[in-house]
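*Asks:* Residues 565 to 648 (our numbering) are what the sequence shown spells out, left to right.
The set of hints was computed from the structure by calculation and includes no laboratory data. Since the structure is predicted, the reported quantities are computational estimates derived from the model, not experimental observations. Beta carbons: idealized from backbone N, C-alpha and C, even for Gly. Worth double-checking, as some hints may not be accurate.
As the list claims (entries may be wrong) - In silico DSBU-like cross-links for lysine-lysine, where the CA-CA straight-line distance does not exceed 30 Å:
1) K614 / K571
2) K596 / K641
3) K596 / K615
4) K566 / K617
5) K596 / K566
6) K571 / K641
7) K617 / K641
8) K571 / K615
9) K617 / K596
10) K571 / K617
11) K566 / K615
12) K566 / K641
Stated by the list, open to error - Derived CB-CB ranges, DEER-like:
13) I621 / S598: 20 to 28 Å
14) V624 / D592: 19 to 27 Å
15) T638 / R572: 17 to 25 Å
16) L619 / V586: 31 to 39 Å
17) S598 / M565: 22 to 30 Å
18) I621 / K641: 29 to 37 Å
19) G631 / V586: 29 to 37 Å
20) L579 / V624: 18 to 26 Å
21) I621 / D592: 24 to 32 Å
22) R574 / V625: 37 to 45 Å
23) Q616 / G582: 26 to 34 Å
24) K571 / I618: 31 to 39 Å
25) E573 / T638: 12 to 20 Å
26) I569 / M637: 29 to 37 Å
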Amino acid sequence: MKELILKRERIFHFLSLGLVAVSLFLKDPFQKMSLLVLGILGLLLLSVLKKQKILIIIYVVLLISAGIFFYYMTGGKVTLPKAL
Numbered sequence: 565m566k567e568l569i570l571k572r573e574r575i576f577h578f579l580s581l582g583l584v585a586v587s588l589f590l591k592d593p594f595q596k597m598s599l600l601v602l603g604i605l606g607l608l609l610l611s612v613l614k615k616q617k618i619l620i621i622i623y624v625v626l627l628i629s630a631g632i633f634f635y636y637m638t639g640g641k642v643t644l645p646k647a648l
């Protein structure tokens, strides 16, 4: 599996960056965060497989920052909407 992902690295990188970009245009905080975290996790997976320590640290910091931003965006009310 590792070899397949590294062989198609550019595709995974492009898709992960696309998820991050799409999350910028969403209004719902839960959809925004789910796409943002999924995109960052994809980039983090690629850096772990390529053993790039500096990028791993950067993406972990971005994940933590996204969590703090989500908490701020929801006003501290981190409960799922009733529609879900």
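*Asks:* Going through the earlier hints one by one, which of them does the structure break, listed in rising order?
*Replies:* When the structure is compared with the hints, numbers 6, 7, 12, 15, 16, 19, 22, 23, 24 and 25 turn out to be violated.
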